[in-house]
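Protein chains in written order, with my numbering: chain A, 1 to 325; chain B, 1 to 325; chain C, 1 to 325.
Check each hint, because a few of them may be wrong.
Remember, identical chains collapse to one label, so a pair may be satisfied in a single copy or spanning two.
In silico DSS-like links for lysine-lysine, alpha-carbon gap of 27 Å or less [to be verified]:
1. Lys111 / Lys229
2. Lys245 / Lys135
3. Lys95 / Lys210
4. Lys283 / Lys141
5. Lys115 / Lys100
6. Lys229 / Lys115
7. Lys135 / Lys298
8. Lys228 / Lys210
9. Lys111 / Lys96
10. Lys280 / Lys314
11. Lys228 / Lys111
12. Lys96 / Lys229
These are computed hints drawn from the structure, not numbers from a lab.
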Amino acid sequence: RIMRPDDANVAGNVHGGTILKMIEEAGAIISTRHCNSQAGEPCVAALARVERTDFMSPVCIGEVANVSAEITYTSRHSVEVQVNVMSENILTGAKKVTNKATLWYVPLSLKNVNKVLEVPPIQYVRKEQEDEGRKRYEEQKLDRLETKQRNGDVIFPIINPEPHTVGYSQSSLIHLVGPSDCTLLGFVHGGVTMKLMDEVAGIVAARHCKTNIVTASVDAINFHEKIKKGSVITISGRMTFTSNKSMEIEVFVDADPFVDESRGRYRAVSAFFTYVSLSKEGKPLPVPQLLTETEEEKRRFEEGKGRYLQTKAKRQAQLQQAAQQ
Amino acid sequence: RIMRPDDANVAGNVHGGTILKMIEEAGAIISTRHCNSQAGEPCVAALARVERTDFMSPVCIGEVANVSAEITYTSRHSVEVQVNVMSENILTGAKKVTNKATLWYVPLSLKNVNKVLEVPPIQYVRKEQEDEGRKRYEEQKLDRLETKQRNGDVIFPIINPEPHTVGYSQSSLIHLVGPSDCTLLGFVHGGVTMKLMDEVAGIVAARHCKTNIVTASVDAINFHEKIKKGSVITISGRMTFTSNKSMEIEVFVDADPFVDESRGRYRAVSAFFTYVSLSKEGKPLPVPQLLTETEEEKRRFEEGKGRYLQTKAKRQAQLQQAAQQ
Amino acid sequence: RIMRPDDANVAGNVHGGTILKMIEEAGAIISTRHCNSQAGEPCVAALARVERTDFMSPVCIGEVANVSAEITYTSRHSVEVQVNVMSENILTGAKKVTNKATLWYVPLSLKNVNKVLEVPPIQYVRKEQEDEGRKRYEEQKLDRLETKQRNGDVIFPIINPEPHTVGYSQSSLIHLVGPSDCTLLGFVHGGVTMKLMDEVAGIVAARHCKTNIVTASVDAINFHEKIKKGSVITISGRMTFTSNKSMEIEVFVDADPFVDESRGRYRAVSAFFTYVSLSKEGKPLPVPQLLTETEEEKRRFEEGKGRYLQTKAKRQAQLQQAAQQ
C-alpha cells in the first residue's frame with residue numbers, strides 16, 4: 001500500500017512500527033489461511049514471536065510497500081512465516097529491499113481461545129529445508145524461555161534528570177485497547193503492539209539525541225501473554241546502550257485488564273529496538289553517549305554492548321561468507 | 001468534513017476513493033433511515049450498486065467536502081439515492097461541484113441478514129419522476145446480470161515485464177477485514193471496498209505513467225456478494241485501455257472467508273476506474289500508450305476503447321442538448 | 001504520543017479536538033480503573049461533563065503530548081478527574097503547559113448499562129481538598145440542570161447568506177457511529193464526540209474569518225444522553241458572538257438511533273467553543289464582527305458577550321490574585 005504522511009515522521013521517513021504492523025498482518029493472514037486449509041475446527045493464528053529484524057533502508061511517503069509472505073516451516077503447533085518488504089518508488093520505478101522478517105504463529109481455536117490446535121504439515125522441496133526449519137524452531141524455543149526471566153522490571157519516573165542519562169529520555173505511553181486493535185478472538189494484534197512499541201522507542205531515541213531518527217533493527221520479540229479488548233496497556237521505554245552511531249532502547253508492554261478479570265497488571269511483551277540518527281542526506285550521525293548512573297544501568301549497558309558486538313560479529317561473518325562464495 | 005493529508009496523494013489531491021467512501025456513507029445513512037421510517041423489522045441498507053461516477057474537479061487538502069443525499073426512487077426491495085459532493089475552500093469561500101453519484105441500496109433485516117425487507121414507497125412531486133426512476137431501475141437490473149459473466153478472471157504476476165505492458169503496472173493488495181470496516185450486520189461497508197479499489201487502481205496508473213494521477217471516473221460497480229468480518233480480501237488491478245490522456249484500469253475484489261465458512265474464495269466486486277495524469281498546474285498530460293501482448297489483452301483494449309468512445313459520445317450529446325436548451 | 005499531520009490543520013497547529021480526545025481517553029482510563037479497584041460488579045466509567053477548558057498554547061506536528069491524570073474528588077456516584085497536557089518539542093527539549101481539564105465520570109455496570117454503580121471513596125491529604133471538591137461537585141450539578149433547558153434549538157440551512165452573518169458560516173456534519181468510536185458498553189466515547197464538535201466549530205470559524213484559526217477554549221460540556229453504536233449523529237455549529245479577536249461558536253450534537261430503537265432523534269450534547277485567528281508568527285489577528293439579523297441572533301450575541309466579559313473578569317481576578325501572592 002502507499003505510504004501516507006501519518007505513517008512517517010516529520011522528515012518523511014516511514015516509522016519502523018508501520019512496517020512491523022504490515023509485516024505482522026501479512027504473517028497473520030498467511031498462517032491463519034494455512035491452519036484453516038484442512039477440515040476441522042476453525043482457528044485464528046496468533047503471533048507468538050518475531051525474530052530479529054533489520055531495517056535495511058528507510059521508506060518514504062508516497063512510496064509503495066510490497067509485502068510478500070511464505071510459510072517456511074511448521075511444527076506440530078506452530079507456523080514459521082518469512083515476510084519480505086520491498087519499497088518501490090512508483091514514479092521512478094526504483095525498488096529496494098526494506099525488510100526480511102521471520103514470525104512464529106500458533107493457531108488458537110475460534111470456539112475456545114485457550115485451545116491450541118494442530119498445524120497441517122507443509123511439503124518441503126528439499127529435506128534440508130525441514131531440518132534447518134527444525135533447528136530454527138528449537139533455537140527460538142530456547143530463547144523464549146530465557147527472556148521470560150527479564151519480566152520483572154518496572155520503569156519509574158525520575159525528577160529533573162541530567163541530559164543523556166537514562167532517566168532523561170525514558171518515556172511511556174498508555175493506550176486503551178479498542179475493537180479496531182483486535183483480532184476476531186478479541187485480543188490485540190501483535191502488529192498493533194509492535195507499532196506502539198516503536199512509537200515509544202522512537203520518542204526515547206529522539207529525546208536522547210535531538211535529531212532525526214529511524215529504526216535500524218528490532219531484536220527478537222516474544223509475545224508471552226495475550227492482551228484482551230478493553231485492557232489498558234502501558235508501553236515504557238528506556239535507553240540501555242549507545243555505540244558511536246546507534247542507540248539501543250528496551251521497551252516493555254504491561255497490560256491491565258481491569259474491567260473484566262480479577263487478574264492484575266502483567267508484563268505482556270518486551271523487546272530491544274535499535275535506532276540510528278540520520279542527517280538530511282541520509283547519512284548516520286554520531287549520537288551522544290548514554291550516561292549511566294546506577295549499578296543496574298551500568299550492567300544493562302554492558303549487556304547491550306554484548307548484544308551490539310555479537311550482532312556486529314555475526315554481520316561480518318555473513319559478509320565474509322558472501323565474499324567467499 | 002475537512003480533507004486531511006492522509007486523504008490525499010503527495011501532490012495534495014484528495015483520492016477519489018476517499019470521496020467514494022464519503023458518498024457511500026451518506027447513501028447508507030439516508031437509505032437506512034428511510035427503510036426504518038415505518039414500524040416493522042429493523043434493518044440496515046446494504047449497497048447493491050453504484051452508477052457511473054465522474055470526478056469533475058479535484059479536491060485539495062484543507063478544503064471542506066459538503067455531501068448531500070436524496071432518495072430519488074424506490075422499488076419494492078431497493079432504494080435509489082442521489083448524492084452530490086461540493087468542495088469548498090473555506091479560506092476563499094470558492095465552491096465547486098465535485099461529484100454526482102447514484103447508488104442503489106437494499107434493506108437487510110438486522111435479525112436475519114439473508115432476508116431482504118420491503119421498502120416504504122416515497123412520494124413523487126411529478127408522475128414523470130416515478131416513470132424515469134422505474135426506467136433507471138430496469139436498466140441497472142439488466143446491467144447487473146451482464147457484469148456477472150465477467151467474474152471468472154484472475155490476475156497472475158508476471159516476471160520482468162517490459163515498461164508500459166499490462167504486466168508492468170498490474171498490482172494487488174490484501175486486506176484483513178476488521179471491525180471498523182463493517183456495518184452493524186458484520187459485513188464490509190461498500191465505501192470501504194471502493195476506497196481500497198481506488199487505492200489499487202491509483203497504484204496501477206502511477207506505475208504506468210510515473211506522474212501525478214487523479215481519479216477521473218468510475219464505471220458502474222455491482223456489489224454481487226457480501227464480504228464478512230474476518231475475511232481476507234485481495235484487490236487486484238490491471239490496465240485495460242489508454243487513450244491520449246486517460247487510462248482505464250479494471251479492478252477485482254476477491255474475498256476469502258477462510259475462518260468461518262466452508263465456502264472458498266469468491267469474486268465479490270469488479271469495476272473500471274479511469275485516471276488522468278495532471279501537471280503541476282492541473283492540466284491533463286499525455287499518457288504513454290498501453291502495450292498489449294496477448295490476444296486477451298488486445299480484446300480487453302478494444303472493449304475499453306468501446307467504453308471510452310461510448311462515454312465520449314454520450315458526453316457530447318449531453319453538451320449539445322444543454323446548448324440547445 | 002507524537003502529533004501527526006492528520007492531527008493538525010494546514011498551518012501545522014494540532015486541532016483542539018485531538019487534544020480533547022486524548023484528555024478524555026486519559027480520564028476514562030483512570031476513572032474506570034478506580035471504579036474497578038474494589039471487588040464488585042465490573043463497570044466502565046462514562047463521561048458526564050467536562051469543565052471549561054483553556055488551550056494555553058498551540059501544539060505542533062512532531063511534538064509529543066504528555067498527558068497526566070489524577071482523581072481529585074469522588075462523590076457517591078461520580079469521579080472528578082484532573083488531566084494536564086504538556087507539549088514537548090523532543091528536538092529542543094522545550095516543554096509548555098497546553099491544557100488543564102477537569103472531567104466528571106459516572107461508573108456504569110458492564111452487565112446493565114442503565115445501572116450507575118457506587119464509587120469507592122478516595123483518601124484526601126488535607127480535609128480542605130474534600131470540601132473544595134464537594135463545592136465543585138455541587139456547582140457542576142446546578143450548571144447541568146441549567147443547560148438542559150437550551151436543548152430545543154435546531155439549525156436550519158439558509159439560502160444565499162450575506163458574508164459575516166450567522167447563516168453564512170453555520171455548518172453541520174453527519175457521522176455514522178462505528179465500532180471504533182465506542183466503549184466496551186457500545187456507546188460513543190465522549191472524546192470522539194468532542195473531536196467531531198471541534199471539527200465543526202473550526203469549520204464555522206474558518207468560514208467566518210477566512211484565516212488560520214485555533215481553538216482557544218471550550219465551555220463546560222454536559223453529556224446529557226448516551227449515543228449508541230449504529231446511530232447517526234448530526235453535529236451543527238453556528239457563531240453566536242465575536243469580540244475583537246475571538247469568535248464564540250455554539251455546537252449541538254443530535255443523535256438518531258434509527259436502527260434499533262423506537263426512540264426518535266434527540267439532543268445528546270451542546271457546547272460553546274471559542275476560537276482565535278493566528279498570523280504566521282502566532283499572533284492573534286482581529287476577526288470580522290458577526291452580523292446579527294434576527295432577534296434571536298441578537299439575544300444570543302448579548303449572551304455570548306456576557307460569557308466573554310465574565311471569563312475576562314475571572315481571568316483578571318486570577319492574575320491579580322497571583323500578583324498579590
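Violations among the numbered hints, reported as their numbers in ascending order: 2, 4, 5, 7, 8, 9, 10 and 12
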